[in-house]
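Keeping their order, the protein sequence lines are chains B and V. The first sequence begins at 1 in the numbering used here and counts up by one. The second sequence begins at 1001 in the numbering used here and counts up by one.
Hint data in this document are derived by calculation from the structure and do not stem from the laboratory. Keep in mind it's a predicted model, so treat the numbers as computed, not measured. You may find that some hints are simply not true.
As the list claims (entries may be wrong) - Quick list of the computed label-pair ranges, beta carbon to beta carbon:
#	chain 1	residue 1	chain 2	residue 2	range
1	V	S1125	B	K120	15 to 23 Å
2	V	T1101	B	I38	49 to 57 Å
3	V	S1125	B	N202	21 to 29 Å
4	V	N1084	B	D119	40 to 48 Å
5	V	T1107	B	Q36	17 to 25 Å
6	B	T95	V	S1125	36 to 44 Å
7	V	I1093	B	N155	20 to 28 Å
8	V	V1130	B	S207	17 to 25 Å
9	B	Q91	V	N1084	42 to 50 Å
10	B	T95	V	Q1057	21 to 29 Å
Don't be surprised by glycine CBs; every beta carbon is placed ideally from N, CA and C.
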Amino acid sequence: MKKKLILLILLLVILTSGKVYSQTKTASTTPEVNDQDIKIFKEKIANVVKKNNKAISGFVISNDNGIIEVKSSDDLTYEVKLDTDLTKYFQISGTQKKEIKSDNIEIDDFIIVTGVITDKSVAANAIFIDEKYIVSSGRITEVNKENYSIKLTTNAKETLTLDIETSTKQYLVNIKTNAVESTGFSKIKEGDIVHYVIKKTNTTKESSFSAQKILIIPQEYFLK
Amino acid sequence: MKKETIIAIIFGIGLGTILAFFVINRNNETKLTKNKVIAPSGIVNKTITTPVNTQIQAFEITSPQDGVIVDKASILIAGKAEKNSLIIIQSPIKDLSLKNTQTNFSTDFPLALGENTINISVYSSDKNTVPQEKTLKIYYLDSQL
C-alpha cells in the first residue's frame, strides 16, 4: 500500500512538473485607442480634405436632380454634384453668411463651390451664393458730363461705358504723394487712366455698366 | 638597273614633289589676294548701340496663388516689379497705390467674405511702357467647409 502511494505521488510529480504548452497571447483585433489618437486621426483627415478642397465660381445655368451646372468666367462649364448629407448651402451678404437650402439656388445666381474637383466635375462640400465683380482698367476716351458717364478703352482694346452714379465711389491718385484720395466727376478728363469695379450679373449688357467704384490716375502722372 | 640610276630617280621624284607643293601654295596665295574684299578707305565709324535699361524686371506675383481658399480677412500680396514703378492694387473693398522703391514689394490687403477679385497693375517709371496687370481670385471662406 505504501509502495502504491509512493508510486502515485511520483506519477503526480512527473505529470505536474512537465512543461505546459499553451497558445501564446496574440494581439487583440480591437487595439486600445485613446482620445489623443482620435484627435490626431481627425486632424490628418481634415488636412487631407483641406488640401484637396478647391474652389470654382460662376453663374448657374441649370439646377436639376442633384446636379448644378455652372459656367465660369473663363467660359468653362462645371458639373457640381450635390450630396444630400454633406453639401451645405449659404447666402453671403456683406460680412455675414446665412445657411440656406439647395432649392434657394436659382438659374443666373453667381455661386462659389468648394469641394474636390476632378476634371470639370465638382463633388460639392459647400455652395455660397455671392455677387460677381469685375475689376479692371482702361484709358478714358470720352467724358459725358450730361449723363455722367465715361467711355473707355480697356487694355484688351474693348470699349466700355461706365455710368457714374451718386453711389459710385470716386478716387484719384495724388501725383505728388501717390496717395489715394476722394475725388469728384468734374476732375475726370479724357486721357486719364481709370481703374474700375463693376458688378456683373448674368443678364448685364456687355458694354455698359454701372460703376461701383473708380480710381483715376491723372494723365499728368505720366508727363512728370 | 644601276644604283646611280635609282638614286637619280628618287632624287628627281623628291625634287618634283617639293616643286609641285611650292607651285600649288603660291597659286592659292594669288587667288586669295585677287578675292580679298577691300574695305573703304578712311575712318570707319563703328556705331555700337549699347541697350539702355533693356533688363526690365518682369512683373510677377509670388504670393498668393490664384484661386487659393483662405480663412483670414486679409492676405499678404507679394511680388516683383520694376524699381520705382507705380503699383495699383484694387478690389471691390479696397484701393491701394504704392511706389516700390525696390524690385520686391509686399503689402497686407483686406478680403471680403466670398470671392475677392484683386487686380494688380504696374505702371513703369518709363512712361512709354505699356502697363502690366494681373488679376487674382482669392476665396475667403469658412475653414470648416
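Original post:
What are the numbers of the hints that this structure violates, sorted from low to high?
Top reply: 1, 3, 5, 10
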